[in-house]
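Colleague: These are the residues of each chain, in order.
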Amino acid sequence: MGYDPANPMQDRITDIGPPHYEQFFPPVIKANYGKWSYHEILAPGVLVHVAESGDECYTVRCASARLISIELIREMCDVADKHCDGFLRFTTRNNVEFMTDSKDRCDALIAELKERSARLPIGGTGASISNMVHTQGWVHCHTPATDASGVVKAVMDELFEYFTSMKLPAQIRVALACCLNMCGAVHASDIAVLGVHRKPPMVDHDAITGLCELPLAISACPLGAVKPKKVTNSKGEEIKSVQVNAERCMFCGNCYTMCPAMPLADPDGDGIAILVGGKVSNAKSAPKFSKLVIPFIPNNPPRWPEVTSVIKHIVEVYAKDAYKYERLGEWAERIGWEKFFEKCDIPFTIKSIDDYRLAYDTWRCTTQFKFTNHIK
Amino acid sequence: MSKHDTPLLDELEKGPWPSFVSDIKRQAEKKPECWDILGQLELSYEEKITHWKHGGIVGVFGYGGGIVGRYSDMPDRFPGVAHFHTVRVNQPSSKFYSTAKLRAICDLWEKYGSGMTNMHGSTGDMILLGTTTEHLEPLFYDLTHELKQDLGGSGSNLRTPACCLGKARCEWSCFDTQAICHHLTMHYQDEVHRPAFPYKFKFKFSGCPNDCVASIARSDLSVIGTWKDDIQIDQAAVQAYIKGEYKVNGGAHDGRDWGPFDIDKEVLALCPTNCMRMNGDELQIQTSECTRCMHCINVMPRALKPGKEQGATLLVGAKAPILDGAQFATMIVPFIKIDPENEFQEVIDFIENIWDWWMENGKNRERTGEAIQRIGLPSFLQIMNIEPIPQHIKEPRSNPYVFWKEEEVEGGWDRDIREFRKRHAQ
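Protein sequence lines, in the order shown, are assigned to chains E and C.
Residue 376, in the working numbering, is where the first sequence stops; the numbers in between run on with no holes.
Residue 1426, in the working numbering, is where the second sequence stops; the numbers in between run on with no holes.
In short, the hints are calculated from the structure, not lab data.
Ideal Cβ placement from N, Cα and C applies to all residues, glycine included.
Some hints could be false.
Computed from the model, here is a short list of chain E residues facing chain C with C-beta under 10 Å [what the hints assert, rightly or not]:
no., residue
1, Tyr3
2, His39
3, Glu161
4, Cys183
5, Asn299
If you want the footprint, here are the derived chain C segments under chain E, 3+ residues with CB under 8 Å [said to hold, decoys possible]:
no., segment
6, 1037-1044
7, 1084-1090
8, 1094-1101
9, 1249-1262
10, 1313-1322
Cβ pair distances, simulated, as ranges [unchecked claim]:
no., chain 1, residue 1, chain 2, residue 2, range
11, E, Tyr360, C, Arg1418, 39 to 45 Å
12, C, Ile1393, E, Asn373, 36 to 42 Å
13, E, Pro8, C, Pro1378, 46 to 52 Å
14, E, Trp363, C, Leu1147, 53 to 59 Å
15, C, Asn1399, E, Asn373, 34 to 40 Å
16, C, Val1402, E, Glu56, 56 to 62 Å
17, E, Gly54, C, Lys1053, 53 to 59 Å
18, E, Glu161, C, Glu1360, 51 to 57 Å
19, E, His374, C, Arg1077, 47 to 53 Å
I would like the entire structure built from these sequences, with the hints used as guidance.
Modeller: Structure follows, in structure tokens:
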């Protein structure tokens, strides 16, 4: 029998955790666990891993939108049942990977996937632009400053040739977070698309009493811009509420997270900032944060043309100018950020100069600089 | 629930990248509430603002995490998404699935939810998007009884741990990422499901310094594989790369003609420590100078492999910018054996030392990394009873403001001003 609403605690099972991973390994993975010798990328999106035993695991990587239906998951299962002994996996970057154990089976798998390429395009390996990691946006979140899935779709349509090829100097990791909370953690990406607010929160004095704990709302502000205040609500009652010192607001939205009576989203205030040059890998240089190069682009749904064109331009300039193996941030540091702005035709604004905590670390304290078009 | 006109969203059915709009429409044929996802989203596209309300506390009995409440702020116009809660289902480590398991999850979600998902959420869970409060308990019953699965974390608790695919399909993994990820997930079920922390806490496990799960950028405890001894070199394979017989960087750069492979330029000159050289036909690596960045191994995977004495580095305190700015994780323990034999006890001890301190001293919504910044790295090392070493810093401090303790200063701090004045006139 199933769930009994009259007796909800009956036969209750809790804290069993996820199923053990091993039962989901394809046979070739299980047989060669921990005994892999090397790998090669045979074509964009197609990898072979060779084990010490000589066994081979062929992997075909396909993009997904991350926001996917169970109908599409079932379609993925159909492919895996037909070609992959009923196993598949997903990657950290929302790709789906189909694995098989021979070249012939892999060729049949690729042929099948090519027929489904509108939903399962192959690519995202090596010196390419793999799938974007991203957040929920207007589809399912209460704090976004932009959409996520729609911007990602527009950006990846524009960058698609780089998903299906490997012609860049190094991989470019593009990521999107629809507000500063960054549940997608875009702060260490080669190119980060970040939703930003630009209007301070409003205070809903009619709602705040039942909705918020005022001390939490006040302490939520990192800059002390939220202060207690006695106000009169629309019923004429004097209540305890808060006021916002707008000049101090840095538009992080943390107060709204703590207090739903302080919404800050706005059609004109919200939009997108572009940050570049971050990386996570420790290869060659240490991990780097992404740096803010464009403070604001208005939301322009459904296809955000200003965002997609500037990203494509950065990719193209980098692709032409960087050395082999050089990540976008390594290239920008080698040529100098002044050259980055000049080469990418991005206007430098005062908003790229840090004035938050530890800002001094980013100011230039040397006579070494390049004469670019910024020096008149 | 009927179809809405969605001229703006329909534009996102064009182009080569998979279209979530086409996919939601496909799902809506079976699950008509999906028409209201599109209707409400179209309105957001027109008005450039979200139409989801702030939060709402819902869950299953006995758990404080795993379900995220979500309500439309236009429930009359879009009744199909009036209640549209998120269910986080803990993924199996490294996200391999059987189709039988995935189909069972699809069937469950067809029965109780909208049919829309994220595969996966940023932290790693399977995300089931869109169900009503009254479906939560029956869904949880079927999830645990029939699928033998459980919810992941949300709120101020241990978030669902995640790992790279490790030894399953990678030659570089220096420890068994799945094994420790699964073990600790099981060991800490209470911490995953019942919020008891000042704020969220994340574990992520990467098998090598390439860090494919971005552990160093986003986890409070980042475990990254490394090794102590010599990089393993197959000299014949090095020659095969030099002669162009093997694909450089595993073929990652095959889409452009970069000219013949030049080991001096592409490997030796790019080594961040200059610890490599060619002595005739022999590649030599001075291990004591190597910082294990992976570049040479990435470029010549058939010739070079991590050393044999393998373990992990423990780093602490990464987070995204909210609130005090983004932080990478700070290196705390340079090398530790990741030992399944004793059920990872050294790592567990390390974790619980952090938690004991942070649960006592962390402020509301203060991530571990922020708490460390507040008290300073020296204090954190002392709390953790860890010997300070130069590897903890990039460079020594440039200011002289040392917080000396009284017991460190000869004679202590108690002095008599009158005694002082006897020898020093005012």
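Colleague: Of all the hints given earlier, name the ones this structure violates by number, lowest first.
Modeller: none
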